[in-house]
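Peer 1: What follows is the residue order along each chain.
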Amino acid sequence: MHRDEIPPGTLYLLILKTLARLGEMHGYEIANSIQRVSDDVLQVEEGSLYPALQRMLIKGWVTAKWGTTAGNRRARYYRLTSAGRKQLTLEMSQFERVIGAVTRVIEAV
Amino acid sequence: MNWLRELGRRIRMLMHRRQFDADLEAEMRLHLEMREQEHLESGMKADDARAVARRRFGNPTYLKEESHIAWGWKWLENLAQDVHYGLRMLGRAPGFTVVAVLTLALGIGADTAIFSVVDGVLLRPLPYQAPDRLVSIAELAPGHRGISVAYANYLDWKAQNESFENLAIYNTEGVVLQGTDGSDRLDAWIVSASFLPTLGVPVALGRSFSEEDERTAARVLVLTEGFWKRRFGGDPAVINRQVTIDSQPFTIIGVLPPYFRAYFGFSTPPEVLMPLAPQYAGHQKIWLTRSNHNGNLAIARLRPGISLERARADLNAIAARLDKQYPDTNAGISVFMQPVIDDIAGEIRPALLILLAAVGAVLLIACANLANLQIARSSSRTSEIAIRMALGARRSRVIRQLLTESVLLGVVGGSLGALLAKWCVSAVVKAGPRDLPRLDGITVNEQVLIFTAGLSLLTGILFGLIPASQASSISTNAALKEAGRTGGLTRSGRRIGNGLVVAEMALSLLLLISAALLIRSFARLRSVDPGFNPEGVLTFRLATPDDRYPDDDRRVQFYEAVLQRLRALPGIDFAGGITPLPMSGSGWQNDYRLEGQPVPEDKQFPSTEVHFVAPDYFRVMEIALRRGRLLAERDRKGALPVVVINETAARRFWPNQDPIGKRIRTGAPLDLVSSDEKESPWWVVVGVVGDVHQYTLERVPKTDVYFSIRQRVGFLQTFTVRASVPPLTLAEPIRRAIADLDAKVPVFRFESMEQYVSASLDSRRLVLALMGGFAGLATLLAAVGIYGVISYGVTERTHEIGVRMALGASRGDILRMVLAQSARLLTTGVAIGLIASVFATSVLRNQLFGIGPHNPGTHAGVAVLLILTALLASYIPAWRATKVAPMVALRYE
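In order, the protein sequences belong to chains A and B. Note that this note's numbering gives residue 50 to position 50 of the first sequence, counting from 1, and the numbers run on in steps of one. Note that this note's numbering gives residue 869 to position 869 of the second sequence, counting from 1, and the numbers run on in steps of one.
FYI, nobody ran anything at the bench for these hints, they're computed from the structure. Beta carbons: idealized from backbone N, C-alpha and C, even for Gly. Warning: the hint list may mix true and false statements.
[Said to hold, decoys possible] A few chain B residues that don't get close to chain A, going by computed Cβ distances all over 10 Å:
id, residue
1, E6
2, R9
3, N59
4, A159
5, D328
[Stated by the list, open to error] Here are the simulated EDC-like cross-link-like pairs (lysine to aspartate or glutamate), alpha carbons at most 20 Å apart as the crow flies:
id, chain 1, residue 1, chain 2, residue 2
6, B, K285, B, E27
7, B, K603, B, D671
8, B, K45, B, E27
9, B, K702, B, E796
10, B, K883, B, E796
11, A, K65, B, D23
12, A, K59, B, E6
13, A, K65, B, D440
14, B, K64, B, D48
15, B, K702, B, D529
16, B, K64, A, E45
17, A, K59, B, E65
18, A, K86, B, E6
19, A, K59, B, E622
20, B, K430, B, D671
21, B, K285, B, D762
22, A, K59, B, E679
23, A, K65, B, D213
24, A, K65, B, E6
25, A, K65, B, E77
26, A, K59, B, E33
27, B, K229, B, E165
28, B, K64, B, E25
29, B, K158, B, E77
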């Protein structure tokens with residue numbers, strides 16, 4: 001199975017989007033969700049989620065609190081803040097602008 | 001505000017870092033376990049499941065580190081590690097550590113001490129409101145350095161200026177406070193009501209002078225805190241109390257705050273402030289005479305946004321109008337104005353800045369020395385560094401590690417230096433040199449300590465950076481191959497080391513030349529003949545209350561009675577007196593006109609120094625009589641008005657003529673052209689005396705005209721007696737003798753003439769001592785530096801020397817070889833230093849006396865001295881090199 005590295009800088013966007021869609025999740029769920037939604041094409045080096053989540057905590061885009069999983073294990077759940085939501089819109093529009101530009105270049109005859 | 005909240009989060013996490021680490025660890029473990037579980041459930045073997053999970057996850061340690069970096073902890077952790085490691089390394093090399101810390105303590109300590117003086121004298125704002133808007137004002141007459149302000153001119157400035165928020169005039173006077181328990185002589189400043197508002201100083205107790213007081217010429221009094229504490233025990237009930245000053249009743253209305261100091265204006269600070277109005281009310285005519293510049297000074301507060309230049313132009317425009325309006329008195333008079341801080345510190349500023357530069361150079365030399373030591377040391381640490389780099393330490397990380405070590409040294413040295421500085425500064429303040437203003441403000445305060453802290457860090461980086469980048473530039477491979485052998489210096493390391501020694505030599509030479517020039521100036525100054533013999537002369541002052549001695553005649557009578565008593569005292573050979581005393585800092589000038597000279601068209605008469613003496617003054621001071629006779633008892637009121645002049649006056653007034661019998665008039669321009677011989681007599685020159693240095697030893701004597709107090713002025717500022725016993729032992733007998741005549745006359749300021757002469761050299765002595773000390777320190781450090789480099793070179797070349805000796809080189813050859821290496825460094829350094837001195841010592845020009853800043857003899861002598869010292873320092877390792885036993889050297893490998 002061929003798996004693509006995610007483009008640099010989009011990890012935040014992926015996490016933000018995932019959290020926005022599905023609400024509160026722990027790290028493992030986020031990793032699985034990104035993988036599943038992208039039909040296994042996008043694969044993050046799973047561990048790198050964690051430093052990214054730390055950076056997002058510092059930025060105040062997400063908050064975290066400890067809870068229990070379905071299997072009754074302790075896990076840290078992340079949730080989007082309003083700042084995070086703002087950041088998501090910002091990153092989305094940036095991403096679309098870049099993708100749009102790239103597409104236009106590719107499709108130009 | 002976002003970054004603030006972010007910082008808050010970072011700090012919160014830093015405080016709970018253990019919890020944070022545990023959380024991250026738990027979170028990651030959970031992830032791995034869940035992934036592993038998933039693989040197990042899909043049918044993998046346990047080992048594979050774990051391995052795949054791990055592979056997909058990445059390196060947990062690395063990821064944890066990434067998180068730490070994200071939180072901004074990494075540098076803190078590294079720092080703690082580096083400090084810990086650095087302390088261990090320094091502990092392992094105690095010799096180096098002690099030398100380095102002491103060197104730095106001396107260097108940084110000296111820098112801190114000088115900076116605290118600069119801070120206290122030049123930088124700290126004056127204790128007045130918005131002090132940068134305060135300007136001091138005097139008047140300028142052609143041919144003068146600045147004269148005092150005529151009251152009438154001040155009134156015009158005050159009414160017509162557009163530049164000042166406030167303008168005040170003030171004067172100084174010794175007054176007598178009469179109490180039931182005897183009289184006290186006080187230094188009072190006589191001020192306009194606008195004085196305190198101009199400074200922006202409120203009273204701490206009671207009230208300040210008001211415009212109402214000024215209008216009614218009320219006799220009111222404001223005390224300084226010091227005087228209030230001393231005389232009234234700090235009693236708050238002193239407000240509204242009546243006291244008698246110069247026989248007039250005064251009411252105390254206020255007490256100044258403890259921080260009030262009058263640093264500007266007159267050299268004697270006030271104990272009380274008195275209003276000017278009562279004096280003015282009594283003598284309006286004299287006060288309003290525009291030619292009467294009777295010692296007043298002015299101070300003003302610029303309006304916000306008005307520059308000094310604009311204000312000066314404003315007042316000069318007024319002065320120009322007065323010039324037109326009153327040509328008899330105001331012709332050519334303009335305005336002198338400068339920031340009040342220049343008034344206070346303007347003279348000492350260049351000397352302080354020179355010292356600051358010198359002490360900076362000493363610290364640079366210390367840094368160069370330590371850098372050299374570090375380079376030598378790091379060469380023996382090559383293998384340690386190579387191993388660290390081979391294990392993956394980045395170069396920047398190694399540099400940081402080494403820098404931490406040197407910064408640690410800087411901080412420890414700096415702390416010791418701060419203590420040293422504290423001690424030095426209190427010694428300087430205690431010595432209390434007369435010409436150092438704001439002495440009470442000189443302390444090692446927080447601002448100075450911040451400077452020291454910054455300097456320590458900077459020093460650490462400065463002397464650590466070159467060795468660190470040197471050490472970390474090694475090729476790991478080569479270094480590891482050589483491991484086990486004594487690491488030698490890289491070629492560039494040696495070149496840097498040599499360069500540093502050359503720089504040290506050059507800097508030390510500059511300092512030595514500066515010190516030598518100052519020393520020679522001082523010696524020349526000391527050998528200047530003041531024109532009198534200060535040895536064995538005692539001086540003192542007394543104040544005659546106005547009620548009992550209201551006029552010149554009665555004062556002179558009293559003076560004569562005093563002088564008679566003095567002459568009768570055992571141990572006193574002659575007694576006299578003078579106004580003003582040489583070297584006391586004050587001088588009186590009058591315009592003059594010689595008989596037969598035409599009146600200048602613009603009424604601009606030349607001016608001369610004038611003195612008023614009680615006749616035996618010349619004998620007391622042993623001032624030589626060159627021609628004619630001295631002033632005598634018979635020269636009194638009603639007799640022929642006579643004067644004695646000095647040689648310079650004789651030469652200038654009547655070149656190539658006999659001055660005896662010539663006539664001169666002195667006083668205001670009006671007196672000089674007056675036809676009334678009674679009001680303004682022609683004074684006949686009866687004698688010529690030797691020149692006397694009236695102000696300082698360095699200032700060339702000007703023209704002096706001496707009058708007898710019996711014929712003019714009738715006021716004696718200072719009594720002088722020639723003693724055949726130690727002068728100061730006479731103070732008590734003199735006090736008793738005068739109390740016998742009149743117990744209500746305060747007698748004060750007993751000082752030997754030698755003290756006055758010595759005090760005039762005080763600040764020069766301080767600058768000289770410091771500069772000499774710094775130059776000595778610099779030379780010592782430079783000698784240690786060259787010793788270190790040569791010594792290291794010899795150790796490194798032990799093998800080579802051994803081979804040479806085995807091949808038949810004599811000990812003399814070896815000695816010559818090592819010394820030649822040192823001589824090359826020395827001569828390069830000295831040559832650079834000599835070239836630099838051409839530019840650098842010019843800044844000393846104003847500090848020198850009787851010698852120019854470029855004195856070939858001094859420069860050459862000092863250069864030779866430095867070379868000899870340095871050769872001596874390198875002779876020790878050279879001599880050691882000759883003791884190398886060839887066999888041992890060859891086995892050294």
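Peer 1: None of the hints should be skipped; say for each whether it holds.
Peer 2: Going through the hints against the structure:
Not every CB of chain A lies more than 10 Å from the CB of E6/B, the least distance being 6 Å, so the non-interface label is violated. Listed as a non-interface residue, R9/B fails to keep its Cβ farther than 10 Å from every Cβ of chain A; the least gap is roughly 6 Å. For N59/B, the requirement that its beta carbon stay farther than 10 Å from each beta carbon of chain A is not met, with the minimum near 7 Å. Non-interface status of A159/B relative to chain A is upheld: no Cβ of that chain comes within 10 Å, the nearest being about 65 Å off.
In this structure D328/B is separated from chain A by more than 10 Å, as the shortest Cβ-Cβ distance comes to about 82 Å. With a C-alpha separation of about 97 Å, the suggested pairing of K285/B with E27/B is violated against the 20 Å cut-off. As the CA atoms of K603/B and D671/B are separated by approximately 11 Å, the hinted pair is consistent with the 20 Å bound. Using a Cα cut-off of 20 Å, the hinted pair K45/B and E27/B is violated, with the two alpha carbons roughly 24 Å apart.
Only pairs whose Cα atoms come within 20 Å are accepted, and K702/B paired with E796/B is rejected, the gap being roughly 67 Å. Of the supplied pair hints, the one linking K883/B and E796/B holds, its CA atoms being roughly 15 Å apart against a limit of 20 Å. This hinted pair checks out: K65/A and D23/B have alpha carbons roughly 10 Å apart, not beyond 20 Å. For a cut-off of 20 Å, the pair hint linking K59/A to E6/B stands: about 6 Å separates their Cα positions.
Between K65/A and D440/B the alpha-carbon distance is near 60 Å, which puts this suggested pair outside the 20 Å criterion. Proximity of K64/B to D48/B is assessed by CA-CA distance (about 24 Å); at most 20 Å being required, the pair is judged violated. About 15 Å separates the Cα atoms of K702/B and D529/B, which keeps this hinted pair within 20 Å; it holds. With a C-alpha separation of about 14 Å, the suggested pair K64/B and E45/A falls inside the 20 Å cut-off, and the hint holds.
For the hint linking K59/A to E65/B, the alpha-carbon distance of about 18 Å falls within 20 Å, and the restraint holds. Straight-line distance between C-alpha atoms of K86/A and E6/B comes to about 16 Å, which keeps the hinted pair within the 20 Å bound. This hinted pair does not check out: K59/A and E622/B have alpha carbons roughly 87 Å apart, beyond 20 Å. Annotation: proposed proximity of K430/B to D671/B is violated, straight-line Cα distance about 49 Å (limit 20 Å).
Distance restraint check for K285/B and D762/B: the Cα-Cα separation of roughly 42 Å exceeds the 20 Å cut-off, and the hinted pair is therefore not satisfied. At most 20 Å may separate the alpha-carbon atoms for a hinted pair to count; K59/A and E679/B exceed this at roughly 92 Å. At roughly 76 Å between alpha-carbon atoms, K65/A and D213/B are farther apart than 20 Å, so this suggested pair is violated. Restraint check for K65/A and E6/B: the C-alpha separation of about 18 Å stays at or below 20 Å, so the hint holds.
This hinted pair does not check out: K65/A and E77/B have alpha carbons roughly 27 Å apart, beyond 20 Å. Annotation: proposed proximity of K59/A to E33/B is violated, straight-line Cα distance about 29 Å (limit 20 Å). Distance check on the hinted pair: K229/B and E165/B sit about 33 Å apart at the alpha-carbon level, beyond 20 Å; violated. At most 20 Å may separate the alpha-carbon atoms for a hinted pair to count; K64/B and E25/B meet this at roughly 8 Å.
For the suggested pair K158/B and E77/B, the alpha carbons sit about 66 Å apart, so the restraint of at most 20 Å is broken.
Figure legend: structure checked against the earlier numbered hints; hints not met, in rising order: 1, 2, 3, 6, 8, 9, 13, 14, 19, 20, 21, 22, 23, 25, 26, 27 and 29.
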